[in-house]
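Protein chains in written order, with our numbering: chain P, 2 to 324; chain H, 87 to 526.
Read the hints as simulated data drawn from the structure, not as lab findings.
Incorrect hints may have been included.
Cβ-to-Cβ under 8 angstroms is the rule here; a few derived chain P residues that face chain H [what the hints assert, rightly or not]:
hint	residue
1	Glu-71
2	Ile-157
3	Val-178
4	Lys-181
5	Thr-263
6	Gly-266
7	Pro-267
Using C-beta positions, here's what the derived DEER-type ranges look like [unchecked claim]:
hint	chain 1	residue 1	chain 2	residue 2	range
8	H	Gly-206	P	Glu-71	37 to 43 angstroms
9	P	Trp-92	H	Phe-158	25 to 31 angstroms
10	H	Gly-206	P	Ile-143	35 to 41 angstroms
Where a beta carbon is used, it is the ideal one built from N, C-alpha and C, also for glycine.
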Amino acid sequence: MNPARPVMRAAPPNDGFVTPVTRFFKRNQTALTPVLLLSPALLTMLFVVAIPLAFSLYTSLTPYRLTRPESIEIFVGARNYMRLLSNDDFWEAFLRTILFLAIALNVEFVLGLGIALLINKITWGQRTLRTIMMFPMMFSPILVGFQFKFIFNDNIGILNNALQSLGITDRAIPWLVDGKLAMFSIIFAEVWMSTSVFAILLLAGLFAMPRDPLEAAKVDGCNAWQTFRHITLPFIMPFAFIAMTIRSLDVARAYDIVAVMTDGGPAGRTELLWTMIARVGYENARMGQANAMAYISTILSIAFTYYFFTKLVAARRYMGGAE
Amino acid sequence: MPKLTMKAMLATALVPLMAMPAVAADYGDFSGYTLRVKLIGGAQYEPLYAEISKWEEMTGATVEILSRKNHFELDREIKQDIAAGTLDWCVGSNHTSFAPQYGSIYTDLSAIVSEETLAGFVPLVLEHGTVDGRLVQLPRHSDVSNLFYIKSLYEDAENQAGFKAEYGYDLMPPETWAQVKDQAMFFANPPDFFGTQFVGKDEAITGRFYEMLVAEGGALFSDDWEPTFNSEAGVRALSFFVDLYKAGAVPVGVPNYLWDDTGLGFASGTVAMNLDWGGWSAFFNDPANSKVAGDIGLIRAPKGSAGIRTGWSGSHTFSVTESCDNKEAAASFVTFLTDYDRQMVEARKGLLPTRGQVWDDAKAEFSASGNDFLVTVFETYQASMAEDAFTPPLIPEWIEVSNALWPKLQAAMVGDMTPQEALDEAAEEALLVMEDAGYR
């Protein structure tokens, strides 16, 4: 034994200092380990999601005004919600938002699918095309809003000038004034900006698709449509529903587009929940009322998410995936 | 060299000398201090910010710009700061229409800015910056609208004869809004050419309706804050916009127009008359941007049936927070940003000054350099700022009342409601706003 070498000794037992808490942890070590390991995530969820949600729920029960912070202490119960129940403008905006979501998401899906299928066929320059395809989603929604506001301007806009110069029409089409045309214009801008999200996700699905079923279908004499309908489409549907879920939650980014192009007008014809909530919450500074609107609109997000997840599970079951 | 050119050169050389303040101002010594500020951003505001380094050199302080956003985003951010209790900055850009919303977060500048400094400003503009008897903002530049028109249209003999035959009086730049309506309908040839145009959404159309209401002899509220804009005068005011829209005398997209649409529309040469802010003048007369450059006439805003000129006005301003840890430095900074030299910098860009001396000296400078158009612009806007300008009611609820009003104004324009129905509904909503705010 080398005398210079320090002798390693076990730490003396300190049973005399064991508290009931440490005893509890020692006894339940196995049961508590998962809780301890999950605690960072749980705490993060608590501070980032649960507390803000609870706070905004509370403020929706007050007449809270941003410019009068003391108003947060006045409890008015469900008054904000009761006012909304009898507010026709709010419910019209609610239904209009559902319509907007339904049309925009479906059009984006169809176009995204088409683009993904075309790019999947390309053998040369595919990477370059994929990058180009993603350009629209790199623009800020505010810039997209301004861009389309001027494209659809009735007097100096490029679209009306082109239509008039080509002799297609001799009048100025009120793209951003007529109710239906204004909704079309906004949806067009939104689709232009976000279709590539669908295309990218669906393209990933196509890349992951095994070749065997396609070759088997060819051998069995399926034509292109039959192959697409019964093999390709079912395979990429889980990707489509994931894309739909992400987009249905993320589509509120279109707020900036609508705010710049029409700000919900004229006469509320393009008013969506997002423009209404932002106006009430920030311009009117009535954050309590705006939070009540936001809570009701959360129902919409939950409904869309639930629907898409149900469809996703069904699609995976159809493909023999995990339940 | 021709005599005129010699005179012009001499005058140009002398104007800056004459205009120079006798003694350089003392902005104090704040060495080592960092002043935190939130400023309005945008191309037309930037030349002033290039001057900030001069204040830093003179005082030894450093300016930390926390935000540089447009007014609506800045407004949102300030409201969030109020709610979160994070007013840890000293100077903020402000506006006469926005200021009443912010309660008492801004300090009374009359206590920290010298009377001598304040005496240099146009009194009416300082009055517009006063809320509840407190001067909460120092005006940077003001705005009011006047009527631009394409001169050659009025000089054309065929137009003159045709107009007289149809309306029974001579074609002249309009003195009343009734004449504007006649002339707009006369010049209109949609979709290629329009008589006039107006902004059609947000606070913009509320402001345009409000000034027309005043010109028609009406008022937004009674003395005890009951909305009264659904009066006969209100219906006349709204009908002006509705009638022009229905007649096709304005572009069909106007319910969706804001300032950039009307500005670019007039510059495109497709609109005969355009009521607009002074800040657009230089753009309209710049051949690189405007097809009507060199062919622009300008008159004071016409009168309504009550004999009052429209004159909705507002000023871009600077305020100092009550919570500022060095109000002396903040006062020095806002005084610097609105002093004579800084206002001359902005006036040369076409922005309307708030100091009487700058109005005169800027005009002299434009005259000396042969820029007759800007001389006319400054003369016209100086007269309307002094005699016609009025602000919206300086109450915190202005924006909220505006948000109740403008969708209904649009509804009347696009034919969803009659003007009376639209104003009645808006008045009901505005009454709720005023009741909730405790006015009634």
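Hint-by-hint comparison with the structure:
no. : hint                                        : result
1   : Glu-71                                      : 11 angstroms, violated
2   : Ile-157                                     : 5 angstroms, holds
3   : Val-178                                     : 5 angstroms, holds
4   : Lys-181                                     : 13 angstroms, violated
5   : Thr-263                                     : 6 angstroms, holds
6   : Gly-266                                     : 5 angstroms, holds
7   : Pro-267                                     : 4 angstroms, holds
8   : H:Gly-206 <-> P:Glu-71: 37 to 43 angstroms  : 39 angstroms, holds
9   : P:Trp-92 <-> H:Phe-158: 25 to 31 angstroms  : 27 angstroms, holds
10  : H:Gly-206 <-> P:Ile-143: 35 to 41 angstroms : 38 angstroms, holds
Checked against the numbered hints given earlier, the structure breaks hints 1, 4 and satisfies all the rest.
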